[in-house]
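So you can see what is in the structure, the chains are spelled out below.
Number of protein chains: 2
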Amino acid sequence: MPSPKLLVIGGVAAGASCAARARRLCENAEITIIERGPDVSFANCGLPYFIGGEISARDVLAVQTPASLKSLLNLDVQTRCEAIRIDRSNKRVEIRHLENGSTEWQSYDKLMLAPGASPLRPDLPGINDPRIFTLRNLEDMDHIVTATDTGMRAVVVGAGFIGLEMAEQLQRKGLSVQLVELQKQVMPPLDAPMTALLESELRRHNIAITLGDGIAHFEPCTDFVRCYLTSGKVLEADLVVLSIGVKPDSELARAAGLNLGPRGHIVVDEFQRTSDPDIYAAGDAVETTDRVMGDKTVVPMGGPANRQGRVAADHIFMPDKARPYPGSLGTAIVRAFDVAAGITGWSEKRLNAAKRPYEAVTVNDHQHATYYPGAKPLTLKILWEPESGRLLGAQASGFEGIDKRLDVLATAIIAGMTVEDLCHLELAYAPPFGAAKDAINLAGFAACNRRDALVNDTTVLPDDPTVQIVDVRPKPLSDAFPAPCKVINIPFPTLRANLDKLDRNRPVLTLCAFGKMSYFAARVLAQHGFTVSCFSGGLKANVDPRSPAKMPTP
Amino acid sequence: MPSPKLLVIGGVAAGASCAARARRLCENAEITIIERGPDVSFANCGLPYFIGGEISARDVLAVQTPASLKSLLNLDVQTRCEAIRIDRSNKRVEIRHLENGSTEWQSYDKLMLAPGASPLRPDLPGINDPRIFTLRNLEDMDHIVTATDTGMRAVVVGAGFIGLEMAEQLQRKGLSVQLVELQKQVMPPLDAPMTALLESELRRHNIAITLGDGIAHFEPCTDFVRCYLTSGKVLEADLVVLSIGVKPDSELARAAGLNLGPRGHIVVDEFQRTSDPDIYAAGDAVETTDRVMGDKTVVPMGGPANRQGRVAADHIFMPDKARPYPGSLGTAIVRAFDVAAGITGWSEKRLNAAKRPYEAVTVNDHQHATYYPGAKPLTLKILWEPESGRLLGAQASGFEGIDKRLDVLATAIIAGMTVEDLCHLELAYAPPFGAAKDAINLAGFAACNRRDALVNDTTVLPDDPTVQIVDVRPKPLSDAFPAPCKVINIPFPTLRANLDKLDRNRPVLTLCAFGKMSYFAARVLAQHGFTVSCFSGGLKANVDPRSPAKMPTP
Chain A
-3 MPSPKLLVIG
7 GVAAGASCAA
17 RARRLCENAE
27 ITIIERGPDV
37 SFANCGLPYF
47 IGGEISARDV
57 LAVQTPASLK
67 SLLNLDVQTR
77 CEAIRIDRSN
87 KRVEIRHLEN
97 GSTEWQSYDK
107 LMLAPGASPL
117 RPDLPGINDP
127 RIFTLRNLED
137 MDHIVTATDT
147 GMRAVVVGAG
157 FIGLEMAEQL
167 QRKGLSVQLV
177 ELQKQVMPPL
187 DAPMTALLES
197 ELRRHNIAIT
207 LGDGIAHFEP
217 CTDFVRCYLT
227 SGKVLEADLV
237 VLSIGVKPDS
247 ELARAAGLNL
257 GPRGHIVVDE
267 FQRTSDPDIY
277 AAGDAVETTD
287 RVMGDKTVVP
297 MGGPANRQGR
307 VAADHIFMPD
317 KARPYPGSLG
327 TAIVRAFDVA
337 AGITGWSEKR
347 LNAAKRPYEA
357 VTVNDHQHAT
367 YYPGAKPLTL
377 KILWEPESGR
387 LLGAQASGFE
397 GIDKRLDVLA
407 TAIIAGMTVE
417 DLCHLELAYA
427 PPFGAAKDAI
437 NLAGFAACNR
447 RDALVNDTTV
457 LPDDPTVQIV
467 DVRPKPLSDA
477 FPAPCKVINI
487 PFPTLRANLD
497 KLDRNRPVLT
507 LCAFGKMSYF
517 AARVLAQHGF
527 TVSCFSGGLK
537 ANVDPRSPAK
547 MPTP
Chain B
-3 MPSPKLLVIG
7 GVAAGASCAA
17 RARRLCENAE
27 ITIIERGPDV
37 SFANCGLPYF
47 IGGEISARDV
57 LAVQTPASLK
67 SLLNLDVQTR
77 CEAIRIDRSN
87 KRVEIRHLEN
97 GSTEWQSYDK
107 LMLAPGASPL
117 RPDLPGINDP
127 RIFTLRNLED
137 MDHIVTATDT
147 GMRAVVVGAG
157 FIGLEMAEQL
167 QRKGLSVQLV
177 ELQKQVMPPL
187 DAPMTALLES
197 ELRRHNIAIT
207 LGDGIAHFEP
217 CTDFVRCYLT
227 SGKVLEADLV
237 VLSIGVKPDS
247 ELARAAGLNL
257 GPRGHIVVDE
267 FQRTSDPDIY
277 AAGDAVETTD
287 RVMGDKTVVP
297 MGGPANRQGR
307 VAADHIFMPD
317 KARPYPGSLG
327 TAIVRAFDVA
337 AGITGWSEKR
347 LNAAKRPYEA
357 VTVNDHQHAT
367 YYPGAKPLTL
377 KILWEPESGR
387 LLGAQASGFE
397 GIDKRLDVLA
407 TAIIAGMTVE
417 DLCHLELAYA
427 PPFGAAKDAI
437 NLAGFAACNR
447 RDALVNDTTV
457 LPDDPTVQIV
467 DVRPKPLSDA
477 FPAPCKVINI
487 PFPTLRANLD
497 KLDRNRPVLT
507 LCAFGKMSYF
517 AARVLAQHGF
527 TVSCFSGGLK
537 ANVDPRSPAK
547 MPTP
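Chains A and B supply the protein sequences, listed in that same order.
The numbering of the first sequence is my numbering, which starts it at -3 and goes up by one.
The numbering of the second sequence is my numbering, which starts it at -3 and goes up by one.
Please keep in mind that the hints were generated in silico from the structure rather than gathered at the bench.
Worth double-checking, as some hints may not be accurate.
A pair counts as met if it fits within one copy or between any two copies, since identical chains are not told apart.
Said to hold, decoys possible - Taking lysine-lysine pairs in the DSBU-like style, the calculated list, with each CA pair at most 30 Å apart, reads: (1) Lys169 <-> Lys372; (2) Lys471 <-> Lys66; (3) Lys66 <-> Lys497; (4) Lys66 <-> Lys372; (5) Lys482 <-> Lys497; (6) Lys497 <-> Lys1; (7) Lys292 <-> Lys169; (8) Lys243 <-> Lys372.
In this text, all values refer to a predicted model and were calculated from it rather than measured experimentally.
The shape of chain A in the complex, shown without the other chains (with noise of 0.2 Å):
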């Protein structure tokens, strides 16, 4: 085989990942990376960690650098070059030098586009404020580390990810944060009440949280830029961090007539090739298939972004070998200070949305065995497919074995598993790490219990005055705790002895902290002839979330 060249226009997750696969692949290829910024190969998720100085050192950032990518893997890497245009008929890429404004052509038998994705700086009076940030490589980075230096006040714009990863480690250097959110609640790609725990986490931390407002304009001061907010409430900020979200830059292959999707993003095969089979595409810039549903989508990611490089590598050199990306899925978690919460698969909203059928439930349950120190609560929501069983989504929050419960539904949602599969995974169990019934077992006993009709649940309290709304927690819990409705107590030991307390024709609701006696309890007065529902997941956001309540085993 003659020296193929390959050119990899963008040096950092699929980009990196696409060229470190080819040298494997292929030792004498010829393969260059242009990348625009000074650095390739570094660890953009690890960017606010540093400002925070969570992550002390620099230079662990940058995971490579030009010579060691030389040294290790042969790869030419020209940073602070830019590609203009591509020349698809002469098969070339023009390129721009940044730091002389020189430009020349270099020519490719395989083109690697993996430029990745812009954050959002939507066209509001004021943006263009020096003190106002963006963060998407190291050279942000270091110029919010700069402003932190002198600046006090923050204003971080978008709860997501990122957002929430900057307003912490703001507010763990010492800066005070005010976190501003368009939709009602924070981490927007969860349904709200998994997001419960995590707000009061950070507003636990003094950061001031507004929703459901944005940004109108801002007006740069001497001193401090001023939002103004569309609500007409005003912040003061020596810094703000825009966090709303990214646009792919994929102006270079629309330029080049490859086929883009209805949001701008480059349309790939299963192979990662886009409409011009010499041009491959990766990472944030790409459309990919969503896993559950098949449909296009689009998860600007880093796990995604390095197996995509991987796959269009392997499917340049060798084409035989070479297995199709599958699509990606969503998986995301989030730490802010003691709390992790992450969603995996499809959210109910979004699945609202798209009108879709789904069912949901909500367990709370502890990482580990309760009688095991340490034990800390945890939430655990599964969606699934009515007909089928079919998992199609989860989420879970709490403080540890979060990433944990994710990734085994991650899991479980790519092997097409149904919520009766949950019943009888078998996890690791020692007191430290788990319990016989793990939540996840727990999540699939619930939604079979309610396929089985065995409970008839609800998630909203009831309009009906005639509903005899019955809390079964014990009397001081119900007292300290009050439901936000009117009950009556009867403690679930109780229940049995109590039973002429309530009236057989008219329905009742059970409800209590965790979701679990009110089950018990309906089961008990359904067999008793009454007409019962259970208020599912229970009052905990009544409960205090660090405080765990002991649960008895199911």
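Chain B: place on chain A using the hints.
Just chain B, lined up with the frame of chain A:
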């Protein structure tokens, strides 16, 4: 429906789960639990942790009491009662009250046998000395606690799950601990190389370990017990804990003529029914189906017991909706001090013993991104079916995130996933939790690289003196932790420039610390025409596992 009577023999994991589920399904059933011991539904997996003081309150281990089961579930719990005979034709069981020796018959409509399994006490001279303990219940635990109040020297016989937990906890309590194991490794369910870290962690905490040796007999002395090992070695102990396995308590079932398996376990169908359709059985005393191979097997653990009890209750009280128990996988984990190790599915030695074809790879990685503080090494081994690529088993060892990897791989095995599927599991990634390519993805990559003939890897160093062994580690590392063989040191970044140092007519083996650089080197050499193999998994045994070396991204 008239009031059906369910009689449950054994009130711990399987029996208590069955009774609790039965009550939720049938409010008017008469449900009685007969328990030989003084306690029901206690946390048997927590017993070692109370002995060591990690769990400080005894009452948290008594998860439920007869009184709480009465008030919560309206169960009739009879402790210190032993079932001594089943009269199947009259559907009744003879019960002996252990406190006064009186007997009575109790009838049943359905009978659940959940007798559990007893710790083995081999019939050796001296075995009946009261200072020789086993650990099954709270009474056993109390006796060991009393013995540790005065005893200073403990011998633990058997280095399986309970043995390691006991060794750790007795050391924690301040005793000097000797651990004796018949096999030549600790934690016999795992393959030996995967137990190296566990063994070094135990030794680091001054636990003396004797491997490949067993007890010949005991000699009770006035102040201590002398333990004679088959090797001739003699250990002195103030207390001895035997943890060498269990045998099913299936005498009652045998006497009643129920079918038993080859090792005395009760044979059940997929709904936990014995050969008598009115008698069910669950837990440590039953045979079950291996979830990987479909063979009959025995998995005496808490998770399966709980879920089997539940399946039986479903089949008794809602037979039309009950779903079968799908079999057990044998997922298990143990923690010893800072180290955790575990297994799911089949090990290499078990596959070898059964003469089943398999392939295996071992990869070294960290629990999360290495640039985020606190990254610690982790080793993962996966085994798969050569033709199909289907996963057969997995093992993990390290400091953190071991339970997570085992749980994901247990789920993947249950789902019938292949090594190829592991490449594209989309796991939760943020720097504190994981990496863009998780260790599980890397294991999938490594397996597929072998399948695609990109690498010819081996786990044995060659005897053949013509093989050129190339150590590609940095020279200081190679000098400080020399390989156990003659090597040529060519640090990987200098390899391409030093190909002339190697003889192209002789085979090459590449090796490094973790198995990654040696793979890179093997790819370079293979493409330059060398016949090369790669030492899989690296020489990590020669690197201090507690000081993780930085590894480049793949």
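A quick look at each hint next to the structure:
Taking the shortest alpha-carbon separations for lysine 169 and lysine 372, both the intra-copy value of 27 Å and the inter-copy value of 26 Å come in at or below 30 Å. In this assembly of identical chains, lysine 471 and lysine 66 lie within 30 Å of each other by CA distance solely across copies; the values are 20 Å between and 70 Å within a copy. When the C-alpha separation of lysine 66 and lysine 497 is checked against a cutoff of 30 Å, the pair qualifies only between copies, where the shortest distance is 21 Å, while the shortest distance within a copy is 80 Å. When the C-alpha separation of lysine 66 and lysine 372 is checked against a cutoff of 30 Å, the pair qualifies only between copies, where the shortest distance is 28 Å, while the shortest distance within a copy is 48 Å.
For the identical chains of this complex, lysine 482 and lysine 497 are intra-copy neighbours only, at 15 Å inside a copy versus 85 Å across copies, given an alpha-carbon limit of 30 Å. Taking the closest pair of Cα atoms, lysine 497 and lysine 1 come within 30 Å of each other only across two copies (29 Å); inside a single copy the shortest separation is 82 Å, beyond that limit. In the homo-oligomer, the alpha carbons of lysine 292 and lysine 169 never lie at most 30 Å apart, since the shortest distance is 40 Å inside one protomer and 59 Å across protomers. In this homomeric assembly, lysine 243 and lysine 372 never come within 30 Å of each other (Cα to Cα): the closest approach is 38 Å inside a single copy and 35 Å across copies.
Hint violations for this structure: numbers 7, 8, all remaining hints satisfied.
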